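Visitor: In order, the protein sequence lines correspond to chains A and B. 481 is the number of the first residue of the first sequence in my numbering; add one for each residue after it. 481 is the number of the first residue of the second sequence in my numbering; add one for each residue after it.
Since the hints were derived computationally from the structure, they do not count as laboratory data. Where hints are given, some of them may not hold.
Identical copies carry no separate label here, and so any pair may be met within one copy or between two of them.
Unchecked claim - Quick list of in silico lysine to aspartate or glutamate cross-link-like pairs, EDC-like style, CA-CA up to 16 Å:
#1 856 <-> 524
#2 857 <-> 699
#3 718 <-> 636
#4 597 <-> 872
#5 776 <-> 609
#6 559 <-> 702
#7 718 <-> 780
#8 720 <-> 779
#9 637 <-> 863
Note that this is a predicted model, so its numbers are computed, not measured.
Protein chains: 2
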Amino acid sequence: MERPLEGIRILDFGHVLAMPYCTMVLADMGAEVIKIERPGKGDDTREFGPFIDGESAYFHSINRDKNSITINMKHPKGKQLFLDMVKNADVVTENFRPGTMEKLGVGYEDLKKVNPKIVYASICGFGHDTVYPGRPGYDIIAQAFGGLMSITGYPDKPPTRVGSSIGDIISGLFTGIGILSALRARETTGEGQKIDIAMTDCIMSVLENAVARYFATGEVPERIGSRHPSLAPFDVFKTKDGWMVIAVGNDSLWERFCKGLGMDELLGDERFTSNEARSQHHDILKERIERWTTDKTTDDAVDTIGKLGVPCGPVNTVDKVVSDPNTAHRNMVVELPHDKLGSIKLVNNPIKFSSMNTDIYMSAPHLGHHNRETIKKIAGYTDEQIRELVDEGAI
Amino acid sequence: MERPLEGIRILDFGHVLAMPYCTMVLADMGAEVIKIERPGKGDDTREFGPFIDGESAYFHSINRDKNSITINMKHPKGKQLFLDMVKNADVVTENFRPGTMEKLGVGYEDLKKVNPKIVYASICGFGHDTVYPGRPGYDIIAQAFGGLMSITGYPDKPPTRVGSSIGDIISGLFTGIGILSALRARETTGEGQKIDIAMTDCIMSVLENAVARYFATGEVPERIGSRHPSLAPFDVFKTKDGWMVIAVGNDSLWERFCKGLGMDELLGDERFTSNEARSQHHDILKERIERWTTDKTTDDAVDTIGKLGVPCGPVNTVDKVVSDPNTAHRNMVVELPHDKLGSIKLVNNPIKFSSMNTDIYMSAPHLGHHNRETIKKIAGYTDEQIRELVDEGAI
Numbered sequence: 481m482e483r484p485l486e487g488i489r490i491l492d493f494g495h496v497l498a499m500p501y502c503t504m505v506l507a508d509m510g511a512e513v514i515k516i517e518r519p520g521k522g523d524d525t526r527e528f529g530p531f532i533d534g535e536s537a538y539f540h541s542i543n544r545d546k547n548s549i550t551i552n553m554k555h556p557k558g559k560q561l562f563l564d565m566v567k568n569a570d571v572v573t574e575n576f577r578p579g580t581m582e583k584l585g586v587g588y589e590d591l592k593k594v595n596p597k598i599v600y601a602s603i604c605g606f607g608h609d610t611v612y613p614g615r616p617g618y619d620i621i622a623q624a625f626g627g628l629m630s631i632t633g634y635p636d637k638p639p640t641r642v643g644s645s646i647g648d649i650i651s652g653l654f655t656g657i658g659i660l661s662a663l664r665a666r667e668t669t670g671e672g673q674k675i676d677i678a679m680t681d682c683i684m685s686v687l688e689n690a691v692a693r694y695f696a697t698g699e700v701p702e703r704i705g706s707r708h709p710s711l712a713p714f715d716v717f718k719t720k721d722g723w724m725v726i727a728v729g730n731d732s733l734w735e736r737f738c739k740g741l742g743m744d745e746l747l748g749d750e751r752f753t754s755n756e757a758r759s760q761h762h763d764i765l766k767e768r769i770e771r772w773t774t775d776k777t778t779d780d781a782v783d784t785i786g787k788l789g790v791p792c793g794p795v796n797t798v799d800k801v802v803s804d805p806n807t808a809h810r811n812m813v814v815e816l817p818h819d820k821l822g823s824i825k826l827v828n829n830p831i832k833f834s835s836m837n838t839d840i841y842m843s844a845p846h847l848g849h850h851n852r853e854t855i856k857k858i859a860g861y862t863d864e865q866i867r868e869l870v871d872e873g874a875i
Numbered sequence: 481m482e483r484p485l486e487g488i489r490i491l492d493f494g495h496v497l498a499m500p501y502c503t504m505v506l507a508d509m510g511a512e513v514i515k516i517e518r519p520g521k522g523d524d525t526r527e528f529g530p531f532i533d534g535e536s537a538y539f540h541s542i543n544r545d546k547n548s549i550t551i552n553m554k555h556p557k558g559k560q561l562f563l564d565m566v567k568n569a570d571v572v573t574e575n576f577r578p579g580t581m582e583k584l585g586v587g588y589e590d591l592k593k594v595n596p597k598i599v600y601a602s603i604c605g606f607g608h609d610t611v612y613p614g615r616p617g618y619d620i621i622a623q624a625f626g627g628l629m630s631i632t633g634y635p636d637k638p639p640t641r642v643g644s645s646i647g648d649i650i651s652g653l654f655t656g657i658g659i660l661s662a663l664r665a666r667e668t669t670g671e672g673q674k675i676d677i678a679m680t681d682c683i684m685s686v687l688e689n690a691v692a693r694y695f696a697t698g699e700v701p702e703r704i705g706s707r708h709p710s711l712a713p714f715d716v717f718k719t720k721d722g723w724m725v726i727a728v729g730n731d732s733l734w735e736r737f738c739k740g741l742g743m744d745e746l747l748g749d750e751r752f753t754s755n756e757a758r759s760q761h762h763d764i765l766k767e768r769i770e771r772w773t774t775d776k777t778t779d780d781a782v783d784t785i786g787k788l789g790v791p792c793g794p795v796n797t798v799d800k801v802v803s804d805p806n807t808a809h810r811n812m813v814v815e816l817p818h819d820k821l822g823s824i825k826l827v828n829n830p831i832k833f834s835s836m837n838t839d840i841y842m843s844a845p846h847l848g849h850h851n852r853e854t855i856k857k858i859a860g861y862t863d864e865q866i867r868e869l870v871d872e873g874a875i
């Protein structure tokens, strides 16, 4: 066994980001993911920029290690093909609007008649079981509705969307945990079940301290920029060529920090004698520290402060983090061969096992590239039957 | 079987947030999580505010559904007790600095001698296998180093930390997927393995489009606030009493939006005829749309625009999202009985199964509350032996 999830077969209607992210992680780890796309068009993200020679770099980053087949689910033979595949699959995944699969006659209740062992996982904005069945749930809507935007950003700026689609991604990760848990339970019960993930639930689940504080005190948490609510200096600071973070969590680090940087005068200043006092005067403190940091490059400042044993680090831009020595050491960027582009660079799977491989092994599929082999293998159709499906527009 | 992960036993050195978040999710789903804490003091977060009657609301929010035992790992009998428990456990989890477990003589290589089936998972800033073994990896350092801060926030403001500790949480979720995958592989191989999670790897893995864009074009992604890079209007907008998001992704929605809100004049304006044009003039467009939104409450504006079929939603503050009807409908806030506080409110697990329960069932443990029963059950010690451990300060 080379990869930990070998032997799990997933029929995946995932499109755009939330569910494709989930099945990407599982595919890297060895699950057989069969991406089911609309004939002719496929996943919308095939047409999302940025492009490399006409291929969507975005689509490639999320769909590596998957097989692609096309099915017209509105064609009776297309639907039958899918049901024939469900008989030999472990998991069905989708992130349509609620009700879409039911309208096609392939909701969980339909599928479990065909295969009671099937695990069915859905992701949508507000859940299948919801008071808002018709509401769309894009990432920005989930980040906003779930409360995360209200606590991200600076007080004098609007609520801030996280710079990547964290609402989709976190939902995908929770769904991955759900699928693996349901498969484990199936070992005991012999039966599958449905997992109903709402992006807004997932966002609420990652608010951590903000909700704990609200329930404990009734105070509604607000945006406070990058700083820590009760520790200081614990924030982002300007340097000569960029930005860095410094995380002084207690008085002994504070002393080491001041002495090490020749700011001894701050130690006697009563505005800075405790975390509470420093937090209260974080603005003045930041100004004073930036007088030191803006004079140094990020690398020099991180080096000097790091040597004092004070936690700190650079604010890396994307070019910096992908070229950091630790990124190479941990093989976090891989370059895959691609039949049209020659090769393509992607961020690798971050789950590192001591005795198994989870590295990306195959670039994203062309639309319907695996139709014939997959339909033969999983549905057991003959060449003749497959030709019919093509002729009739069912795949 | 009531919960999907019943039968999995986890010995958890997790402290603060990253690993405790992981084991919290697994505990909600039925895994038996035994939180191992330092005698007398316990997890640092027991002393993190906010407090309710002296109990940390923060600690409670992350450690529900777990058992607590105390072990002095530097005491030979404490260490032996732990090793005796490893013999009857499935998983060991920790988020110490690299090398800590090895120094105690309980690194993965030590543990697999005692139980070759053990799955061992670690989370730290830069990985156990790293070029930066001594570097601390707080959440803010991972968010900064991994590139997420550089793309979050407004261009005229500093890089922005996400308002919750997403670096810890995402690492916890990836680790959960890793643990369940390793347990599945063990069914086939009969052997455990080690999982080495770096928070900085995990942050890189969620940058999605930002990295795809950089690899495709060489352009270093920058902060653009809450708006979409290539669609408009797709952003946050001020209302009379707060904020809302509007997500117009294509020309037909744009037409519906303008006509529905009586902004027909914008349809003829050549600055707004395509997504590309609208993105280019997003500032002017935002000003125009805010002339409409600032005059309405968030609820009214969301209602009006939503009825047009245009995706939109409120930017909920924490009080709003926890009291939303869908939150109640999905049982996302639970109130648990607590022996000291009477009851405590927490955000529920977001993974909803059709035939199993994943709701929180037990409030967080007092320090060492489960010493006696757990040590008897898992290590098979007698009352006499346990008394000795207490007398000698080993637990």
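Visitor: Indicate which option fits the pair residue 720, residue 779 if close means a Cα-Cα distance not exceeding 16 Å: within, between, both or neither.
Guide: Intra 10 Å, inter 45 Å, cutoff 16 Å: intra-copy only.
Visitor: Using 16 Å as the alpha-carbon threshold, which applies to residue 718 and residue 636: within, between, both, or neither?
Guide: Intra 19 Å, inter 13 Å, cutoff 16 Å: inter-copy only.
Visitor: How would you classify residue 597 and residue 872 at a CA-CA limit of 16 Å: within, between, both, or neither?
Guide: neither (31 Å within a copy, 52 Å between copies)
Visitor: At most 16 Å between C-alpha atoms: does residue 637 with residue 863 qualify within a copy, between copies, both, or neither?
Guide: Answer is neither: 61 Å inside a copy and 61 Å across each miss the 16 Å cutoff.
Visitor: Checking an output row: residue 718 and residue 780, CA cutoff 16 Å. Within, between, both or neither?
Guide: Answer is within: at 13 Å inside a copy they meet the 16 Å cutoff, but 41 Å across does not.
Visitor: Since the copies are identical, ignore which copy is meant and state whether residue 776 and residue 609 lie within 16 Å (CA to CA) inside a copy, between copies, both or neither.
Guide: This pair counts as neither: shortest intra-copy Cα distance 54 Å, inter-copy 30 Å.
Visitor: As a check of your reading, is residue 559 near residue 702 (CA-CA no more than 16 Å) within one copy, between copies, both or neither?
Guide: neither (49 Å within a copy, 44 Å between copies)
Visitor: How would you classify residue 857 and residue 699 at a CA-CA limit of 16 Å: within, between, both, or neither?
Guide: For residue 857 and residue 699, neither the intra-copy (58 Å) nor the inter-copy (43 Å) Cα distance is at most 16 Å.
Visitor: Can you give me the call for residue 856 and residue 524, within, between, both or neither, at a CA distance of at most 16 Å?
Guide: Classified as neither: same-chain Cα gap 27 Å, cross-chain 57 Å, threshold 16 Å.
Of the numbered hints given earlier, the model fails hints 1, 2, 4, 5, 6, 9; all others are met.
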